Each structure stands twice: as C-alpha cells, then as structure tokens.
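Asker: With chain L's structure known, arrange chain W on it following the hints.
Chains as they are written, first to last, in the numbering used here: chain L, 13 to 410; chain W, 13 to 410.
Hints in this document: simulated from the structure, not taken from any laboratory. It cannot be assumed that every hint is accurate.
Because identical chains cannot be distinguished in the list, a pair is counted as satisfied if it fits within a single copy or across any two copies.
[Unchecked claim] Simulated crosslink set (BS3-like; lysine-lysine; CA at most 30 Å straight-line):
1) Lys76 - Lys112
2) Lys282 - Lys158
3) Lys282 - Lys228
4) Lys366 - Lys341
5) Lys112 - Lys23
Quick caveat: nothing in here was measured; it's all calculated off a predicted structure.
Here's the letter readout for the chains.
Number of protein chains: 2
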Amino acid sequence: MQINPNFSRLKESYLFSQVRERTAAYQKAHPEARLITLSIGDVTLPLGASVVAAMHGAADEMAKRETFKGYGPDRYCYGYESLLNALQARYARLGVSLKKEEIFVSDGAKSDCGNLSDLFSAENIALIPDPVYPAYYDANVMAGRKVVFARASAENGFLPMPQEGVRADLVYLCSPNNPTGAAYSKAQLQEWVDYANRTGALILYDAAYEAFVRDKELARSVYQTEGAKECAIEICSFSKTAGFTGVRCGYTVVPEALVRGGARLNRLWKRRQNTKFNGVSYITQTGAAAAFSEEGERDIAERLTYYRENADMISDCLRRLGIPFTGGKNSPYLWVRCPEGESSWDFFERMLSKANVVVMPGSGFGESGEGYFRITAFGRHGDTREACERMEKLLKKG
Amino acid sequence: MQINPNFSRLKESYLFSQVRERTAAYQKAHPEARLITLSIGDVTLPLGASVVAAMHGAADEMAKRETFKGYGPDRYCYGYESLLNALQARYARLGVSLKKEEIFVSDGAKSDCGNLSDLFSAENIALIPDPVYPAYYDANVMAGRKVVFARASAENGFLPMPQEGVRADLVYLCSPNNPTGAAYSKAQLQEWVDYANRTGALILYDAAYEAFVRDKELARSVYQTEGAKECAIEICSFSKTAGFTGVRCGYTVVPEALVRGGARLNRLWKRRQNTKFNGVSYITQTGAAAAFSEEGERDIAERLTYYRENADMISDCLRRLGIPFTGGKNSPYLWVRCPEGESSWDFFERMLSKANVVVMPGSGFGESGEGYFRITAFGRHGDTREACERMEKLLKKG
Numbered sequence: 013m014q015i016n017p018n019f020s021r022l023k024e025s026y027l028f029s030q031v032r033e034r035t036a037a038y039q040k041a042h043p044e045a046r047l048i049t050l051s052i053g054d055v056t057l058p059l060g061a062s063v064v065a066a067m068h069g070a071a072d073e074m075a076k077r078e079t080f081k082g083y084g085p086d087r088y089c090y091g092y093e094s095l096l097n098a099l100q101a102r103y104a105r106l107g108v109s110l111k112k113e114e115i116f117v118s119d120g121a122k123s124d125c126g127n128l129s130d131l132f133s134a135e136n137i138a139l140i141p142d143p144v145y146p147a148y149y150d151a152n153v154m155a156g157r158k159v160v161f162a163r164a165s166a167e168n169g170f171l172p173m174p175q176e177g178v179r180a181d182l183v184y185l186c187s188p189n190n191p192t193g194a195a196y197s198k199a200q201l202q203e204w205v206d207y208a209n210r211t212g213a214l215i216l217y218d219a220a221y222e223a224f225v226r227d228k229e230l231a232r233s234v235y236q237t238e239g240a241k242e243c244a245i246e247i248c249s250f251s252k253t254a255g256f257t258g259v260r261c262g263y264t265v266v267p268e269a270l271v272r273g274g275a276r277l278n279r280l281w282k283r284r285q286n287t288k289f290n291g292v293s294y295i296t297q298t299g300a301a302a303a304f305s306e307e308g309e310r311d312i313a314e315r316l317t318y319y320r321e322n323a324d325m326i327s328d329c330l331r332r333l334g335i336p337f338t339g340g341k342n343s344p345y346l347w348v349r350c351p352e353g354e355s356s357w358d359f360f361e362r363m364l365s366k367a368n369v370v371v372m373p374g375s376g377f378g379e380s381g382e383g384y385f386r387i388t389a390f391g392r393h394g395d396t397r398e399a400c401e402r403m404e405k406l407l408k409k410g
Numbered sequence: 013m014q015i016n017p018n019f020s021r022l023k024e025s026y027l028f029s030q031v032r033e034r035t036a037a038y039q040k041a042h043p044e045a046r047l048i049t050l051s052i053g054d055v056t057l058p059l060g061a062s063v064v065a066a067m068h069g070a071a072d073e074m075a076k077r078e079t080f081k082g083y084g085p086d087r088y089c090y091g092y093e094s095l096l097n098a099l100q101a102r103y104a105r106l107g108v109s110l111k112k113e114e115i116f117v118s119d120g121a122k123s124d125c126g127n128l129s130d131l132f133s134a135e136n137i138a139l140i141p142d143p144v145y146p147a148y149y150d151a152n153v154m155a156g157r158k159v160v161f162a163r164a165s166a167e168n169g170f171l172p173m174p175q176e177g178v179r180a181d182l183v184y185l186c187s188p189n190n191p192t193g194a195a196y197s198k199a200q201l202q203e204w205v206d207y208a209n210r211t212g213a214l215i216l217y218d219a220a221y222e223a224f225v226r227d228k229e230l231a232r233s234v235y236q237t238e239g240a241k242e243c244a245i246e247i248c249s250f251s252k253t254a255g256f257t258g259v260r261c262g263y264t265v266v267p268e269a270l271v272r273g274g275a276r277l278n279r280l281w282k283r284r285q286n287t288k289f290n291g292v293s294y295i296t297q298t299g300a301a302a303a304f305s306e307e308g309e310r311d312i313a314e315r316l317t318y319y320r321e322n323a324d325m326i327s328d329c330l331r332r333l334g335i336p337f338t339g340g341k342n343s344p345y346l347w348v349r350c351p352e353g354e355s356s357w358d359f360f361e362r363m364l365s366k367a368n369v370v371v372m373p374g375s376g377f378g379e380s381g382e383g384y385f386r387i388t389a390f391g392r393h394g395d396t397r398e399a400c401e402r403m404e405k406l407l408k409k410g
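Extracted from the complex, chain L is given alone in its bound form (with noise of 0.2 Å):
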C-alpha cells in the first residue's frame, strides 16, 4: 500500500496552526500577557439576528415530521432554491446572469478550493500568486502539479499582470487578495480572462473578500468582464460578510459555457460533488438565505463598516509610524512592511513578545511575502485600538 508521495513535498505543518502553536506556547509559558490576536482572519461580531431567526426556523422544520428535510436537492446539486434563487439576485446586481444549475452550495470556499483539484490533470501547471493563502499551493502539490509563482511586489502594486511565455493552466486569483488586501480593476481582469480565452487556460477567481470592496472601479466578480463564463470558476463566501466562519458555507459558480478538453466542467464538477460531498444543512443554507433578506443586507452592511473601521485605524497607526504597507480600503488584510528589514518571522516573534500582538508573518504566504506581515481587520474596535497602541509604543521611532 503507498501513501501519495505527494505529501512528503509539503510542509510539515499548515501556516495558520504553526502561527496557533507558538501562540499558545507563548501563553503557556506567559500566562499573564493578554495577548490580541490580530493574525488569522476570523471574524468576531456575531451572527446577525435575521440569520439567526431563520436558523431557529429552520431548526423547527427539521423537528416536525410534515416539514422535514433529508438529503438536498438533486437537482440544483443539494442547493435549495431559496439560497440559489437569492445567489442568482445578488450576481444580477452586479451584472451578471447565472443559471441556479452553475451556482454550487458548499461548505466553504476553502472546502471547493481544494475539491476543485479533482476535476484537473495532475499534469497541468498550477500558477499562482506569490504571497497567497497557502491552501492554493498546498492542495496543487498534494496532487503532484507543478506550480509556478506569479510574483507581488511593491513594483507591481502587488497586482501580478499575465506574463506571455509562461505556461500557466491553472491560473488562481484571489482579489481583494489574502494576504496583500490589493485588487484587480476590472480593466486589469479582463487582461487576465482575455489571456486565459486566449492560451486555453483555466481561471479560479476567489472572489471571498468582494464585499470588503469600496473603489467602483475594481471588481466585485470575475464575471465583471467579457468571456469570464468560457474561462472562469468563481468561488465565493458567507464567511466574511455574515460571520460565517463557524457555520460554513460557500458557493462556486461553474458556467455552463466553461469547456476544457471537450468536457463541461459543469457537468465534471457535478459528478465530483455528487460522489464526494453531500451538501450542506438545511439550517445553514436557511440561514445564509436570510444573509440577503433587507434585515440580513442591512447587518452585513454594519459589519462591514465595523471592520473598516479598523482597518481605517490600522491605516492610520502604520502612516504615523511611517510603515508602509498594501490594503486595508477594499480589504480586511493589511499587508505591511517589517521594519528595519526585520524577517517576517523575527517581527512575529518580537510583536508577540513585546508587544503581546500576534500577526500574520508575510513569509508563511509564500517566498516573496518574506519581510512582510498582515494583520487584519476583523478583531474588536477595543482590541484593534489597543494592538495599533501597543504597536506604536514598540516601533516608535527616537
């Protein structure tokens, strides 16, 4: 029996749980500090109410034999119609028409990033963006592809353009981006969706942090350009906007119009999803409907504005100390210079230490992240103002 060898070319541990191991060692052995944690992106304001109303509800259902729900619906791939039919509302107000049989329900964008990898080739070549969430690498090395890096800098407003003689076919996006918080204009995804048509590459756009964009002219989905539908999948999620990163759930778009190799890779998505997966509970997907309803879009809307507001706060700290950093206006991240040349990691150490602040260092997102840290967003306004305090206080210049 052999194991997929695969697995011996990843790293021993994922990013985010080394970062939550030496936190949790540091506390161990300071039980005092009071630590902020300001590094992995977990919301922290509550569900909003009609979220919640319409879980009780669906709750109830699930306890009267009359309005029970068993396994989803077969037809929409265990999507019910009520979720697809307002996913197809808000798509519209963007602009963009999609059938429910291209909307996927999921338990997460993490969870379709990684499941995705099945319907490839292991002999394709994976290009992607160099800092960026780790899962993306991690999920195409596990299945043996080759993976090239498009580079973020400074240089190139962290904003990696399609570069003609590099073979790419699978093209991974990720705008506003995890970690950089630097998105694409529309002008600027149609030069990669116009690349992709062109070499016959395959684009995965996540699109999870669109809400957190403020600027009309950036895009709030991949399908915000022309020909995005014959090149495109888009994955998406509650996680963020209603604070569902404890109740999971996501959604991918496959159009119908996506062909690669004769096949529909709607129909390939469809068959995976039906032998691997077996939908998400009722209860979440009543839930996430609710997330649209006009109570729902209202407490989005005061989440998301809570957020910014920390991220306006941050801003402010890194422009006094004269840091300079990427994101924070269309993004929860903050993507920031370590100072004085500090290796990512040292400054996680020294922030944790002296500072009782944990972020995210930049290195762990890959090799050009190196010297870099992101912090994010979405802790609380109190916590937020006593990090950018104690951050001041430590790198304060003279």
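Answerer: Just chain W now, with coordinates in the frame of chain L:
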C-alpha cells in the same frame, strides 16, 4: 489545460441521480400516481427534541458577541470537545479506547469516504465489494486507481472474505452492508484485519449503519477486533441514527498507530483536512453531541425501533411471497432477488409503473447486484405498509 482523464471512465450519472430522474419522469407523465419511494436511504423521522433544543441554544450563542464561535478548534482539526467527549464515550461502550486526536469530525461519511482517497497513491489497487455503495468505486476511478472486486453472493452469505493471491492495497468494507444488509461477525472481521496486517493493506471501514446491528456476535466497530488500529480507518455518521441526512455530520477515526510507508496516516489526514476543509458548523456539532445525551439516546432508540418495524413488515411480506432476501434484521436495507429472473432495471420499471413503488435497482451497485433490488426500511409506517400491499398484489403467484 487538461481535464482529469479518469472522469471519462465514470458512468455519466451517479446511480441515485439516475433513479430520481427516472422517477421524476414517470411522475410527470402520470401526475395522478401516488408514488411511494423506498429507494434512496433517506430517513423520514424528524430530528429529536433534544437535538433541536441544543441547536437552538447553539444558534443563540452564535448571536451574542461573548459566546460567538468562529473557526473551529485547531487542536482537534475543528472538532469541539463536547462532541469528541461524547464520541470517545460511545467507543468506550464498545470496548474501544480512542484519543480525541484520533477522531475527526466532518460533514458526513460520504465526504470522508471520497476525500480519504487524497492520501493514497494512484498506484494502489482498491478492493471493493460488489455490490456496494457506488461512491467508493467512483472515487477510486476518479483517482485513476485500478479496482478489483470482492464478489458478494448468496453462496458466501453476501459477506466476501479475504482471498489469498488477490493483491489489494485499499480494502473497502461496509458492515452492515449497503446495499445487501449483510453484516460481518467479529470473527469474520478479525480475518480481514489479520489479512491486512499480514499484507500491509489498509482497511477503509464504513460503519454508517452500525446502530442497526441487533445480534451480539456482529461487529459494531472494526476496532472491536485485535490489531485493527494498525490497519484500519473507520468512517461513521449521524445520518441514520440521529436523522442527520440533511444536517450533515460524520466522523472518521484514524488511529495514531496506523503507519504505512513510514507515514502516520493520522498526520496525513490532519494535513489534508487543514488544507481542504474547514470544519463543521458549531450548531451542527452541538446538535450531534446532544444526540448522545440521555434524552438523545432515547430518541435514537425510538427511531431505530420505528425503522426496524418497517424492516420486519417488509421481511414478512417477502416471506409470504416466497421471495429470497437478506438484510433487514441488522440493517435498514433488504436485498431482494428479483422474481422470475427479471433484471434489476426491468423490475425497477415494473414496480414503478405497476405498483407505483420506487425501489433501488441492484445492478446500480455493481455487476453482482444484477437480478436484485434494494428496499429501505427508512420510510414511514403507512407508506411501507401500503408498499407491501401493492407489492403483494403485483407479485402474488396464482
């Protein structure tokens, strides 16, 4: 960009979808027909009161800032301790001692059965019972693995045993079996475990129906045999006990003692889940834990009794008709010989059109299933009784 070429080796549509499509087409053509569906193994009794109460409580926690939960606990790969404690206690009652780190909570047995495939090389040969739940076969074909079959027939009591000289790296066992309802005794299972430890094979043991076992000598967990922790992964589910088909929660045991090719499979699975999965709703896990409370256990016992009454009703009907069958006693499924040498799909069509009863064509579960059909005990009493009456009317001789 190349598609995974193995998809073309799969049948166009997943068995269960196919049955639903044919049924829907019949209903459309005969809107007046009152169809009774005893095909898919979906439960019909609602969630228990204690489970629903726990879910309400958890939803309320998610609504308050102080008690809101984001991403699940990293330590146990997203499983909450309350649920893991309950699962440890469940195994202890079976005489099996497990560490929390060995139990992985997931969104269901089907997901785990499929996703575990990521851990193994494409070079392995999978041994899969025939007939069997089609997801094992499809997942291995998708991964490009060669599949060999362990044939189940009336001759071996539908319980294939290890065969020397047949190379098998991954051995899929499902007991009580879906679809045949046959269940291994502890002594028989010991033979499989000894075989795997002798040859270095890995057993993937699907225990989704273990709660239906009534006979004391039959196994309820593979770990009730000696040496299983060195060779077996066990997959289990809340679907058929607590009625979670639409709630989605399962668990997979990967013992720390399980080592293959120098790698600890527990570590590999944790790495896989950390990369491509993000846990199960806190609300769902809280509900699942409540299924093990005193009231929850009582609810489950009542549900089992209800479904067993269906199984007994169908068994009596088949005996009166003189039609040979297996299962039903220790399983929610009955595996029945089609009368008069009819093929599975012919009998499916005859039952659909003449009795308006939907059964599962046995050939959909594999070659050896030809000439059989599966009928489930998960229906409502009234429907099951009427289905038996219609079946008797249609099939009574003379």
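Asker: Honestly, which of those hints from before does the structure not fit?
Answerer: Structure breaks hint 3 only.
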